[in-house]
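So the protein sequences, as listed, match chains G and L. Counting in the working numbering, the first sequence tops out at residue 114, every number present. Counting in the working numbering, the second sequence tops out at residue 224, every number present.
Hints listed in this document are in silico derivations from the structure and should not be mistaken for laboratory results. Among the hints, erroneous ones may be present.
Stated by the list, open to error - Here are the computed lysine to any residue pairs in the SDA-like style, where the Cα-Cα straight-line distance is at most 25 Å:
1. G:Lys68 with L:Gln158
2. G:Lys68 with L:Lys123
3. L:Lys123 with G:Ser95
4. L:Lys171 with G:Ser95
5. G:Lys42 with L:Gln155
6. L:Lys171 with G:Glu109
Stated by the list, open to error - Chain L is nowhere near these chain G residues, computed Cβ spacing over 10 Å in every case:
7. Val27
8. Glu45
9. Thr65
Unchecked claim - So the derived label-pair ranges between C-beta atoms look like this:
10. L:Ile174 with G:Lys79: 35 to 45 Å
11. G:Gly16 with L:Gly166: 31 to 41 Å
12. G:Glu58 with L:Leu197: 19 to 29 Å
13. L:Ser152 with G:Thr5: 37 to 47 Å
14. G:Ala53 with L:Thr127: 43 to 53 Å
15. G:Glu17 with L:Asp185: 44 to 54 Å
16. G:Gln14 with L:Lys171: 21 to 31 Å
17. L:Thr121 with G:His74: 31 to 41 Å
18. G:Gly16 with L:Glu167: 44 to 54 Å
19. G:Gln14 with L:Leu224: 34 to 44 Å
20. G:Gly41 with L:Leu224: 37 to 47 Å
21. L:Lys171 with G:Thr67: 27 to 37 Å
Beta carbons are placed, not taken as given, at the ideal position from N, Cα and C, and that holds for glycine.
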Amino acid sequence: EDQVTQSPEALRLQEGESSSLNCSYTVSGLRGLFWYRQDPGKGPEFLFTLYSAGEEKEKERLKATLTKKESFLHITAPKPEDSATYLCAVQARWSYNQGGKLIFGQGTELSVKP
Amino acid sequence: DSGVTQTPKHLITATGQRVTLRCSPRSGDLSVYWYQQSLDQGLQFLIQYYNGEERAKGNILERFSAQQFPDLHSELNLSSLELGDSALYFCASSGSGELFFGEGSRLTVL
Chain G
1 EDQVTQSPEA
11 LRLQEGESSS
21 LNCSYTVSGL
31 RGLFWYRQDP
41 GKGPEFLFTL
51 YSAGEEKEKE
61 RLKATLTKKE
71 SFLHITAPKP
81 EDSATYLCAV
91 QARWSYNQGG
101 KLIFGQGTEL
111 SVKP
Chain L
115 DSGVTQTPKH
125 LITATGQRVT
135 LRCSPRSGDL
145 SVYWYQQSLD
155 QGLQFLIQYY
165 NGEERAKGNI
175 LERFSAQQFP
185 DLHSELNLSS
195 LELGDSALYF
205 CASSGSGELF
215 FGEGSRLTVL
């Protein structure tokens, strides 16, 4: 069964204190690994897609990396506006019955204090 | 703005009732997905439609049903509502690959 586990559940940082979020996954053939940001009461906002081990993508203070078993979201010098829940999801290789659904982890709630 | 529109934003109803949630996908996207998010369950996949046909099914209760219309908008019907159905319901659409989510419909069952 496809599964995604994120750690830690919650992370509290001081402004400027860099850290990483972890996403471990098992999937029957990875088509893509996705990172989303979700603010309270809002829909998930797409951040990155990673397709193969060794791939990296960056956006402002965020950098996502992928290995064969896990992905990391590195946050460099975070600001209070980076506070949100970060969700990781996997998409299995396409099959007719699987479609393109994403399987999500429980998320990491990030709080950045000034 | 993701381009995915969901209505209503908030809905309060009583146990045993039936509600319909509506979703308009991004222009050009053929796939629509429905997810349920509750505090203890995270984002749970319910069902996917592609160009009017059901494509994949997740942990969707028999009391719930969905359809996608020729203009590609989708509706999620929830019937015989129970207290435990209170949650945020998200619709997402995709062309290929990443999903883009709407702002959700918050359902409260009293």
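Given hint Ser95 of chain G paired with Lys171 of chain L - CA-CA distance at most 25 Å: 13 Å, holds
Satisfaction of the hinted span 34 to 44 Å by the C-beta atoms belonging to Gln14 of chain G and Leu224 of chain L: 41 Å, holds
Is it true that Thr121 of chain L and His74 of chain G lie within 31 to 41 Å of each other by Cβ? Holds - the Cβ-Cβ distance for Thr121 of chain L and His74 of chain G, about 38 Å, lies within 31 to 41 Å.
Run the distance test for Lys123 of chain L versus Ser95 of chain G: straight-line Cα separation, threshold 25 Å. 33 Å, violated
Quick check on a hinted range of 44 to 54 Å for Glu17 of chain G and Asp185 of chain L, using CB atoms only. 49 Å, holds
Given a hinted range of 43 to 53 Å, is it respected by the beta-carbon distance of Ala53 of chain G and Thr127 of chain L? 47 Å, holds
Assuming the hint says 27 to 37 Å, is it satisfied by the Cβ distance from Lys171 of chain L to Thr67 of chain G or not? Holds, since Lys171 of chain L and Thr67 of chain G (Cβ atoms, about 31 Å apart) stay within the stated range.
For Val27 of chain G, which was marked as not at the interface, is the minimum beta-carbon distance to chain L over 10 Å? 14 Å, holds
Agreement of Lys42 of chain G and Gln155 of chain L with the hint, judged by alpha carbon distance not exceeding 25 Å: Since the Cα atoms of Lys42 of chain G and Gln155 of chain L sit roughly 16 Å apart, the hinted pair holds (cutoff 25 Å).
Outcome of range test on Cβ distance (Gln14 of chain G, Lys171 of chain L; 21 to 31 Å): Violated: the Cβ-Cβ distance is about 45 Å, outside 21 to 31 Å.
Against the 25 Å threshold, does the CA-CA distance of Lys68 of chain G and Gln158 of chain L hold or violate the hint? Distance of about 24 Å is within 25 Å: holds.
State, for the Cβ atoms of Gly16 of chain G and Gly166 of chain L, whether the hinted interval 31 to 41 Å holds or is violated. The hint (31 to 41 Å, Cβ to Cβ) is violated, given that Gly16 of chain G and Gly166 of chain L are roughly 51 Å apart.
Hint violations for this structure: numbers 2, 3, 6, 8, 11, 12, 13, 16, 20, all remaining hints satisfied.
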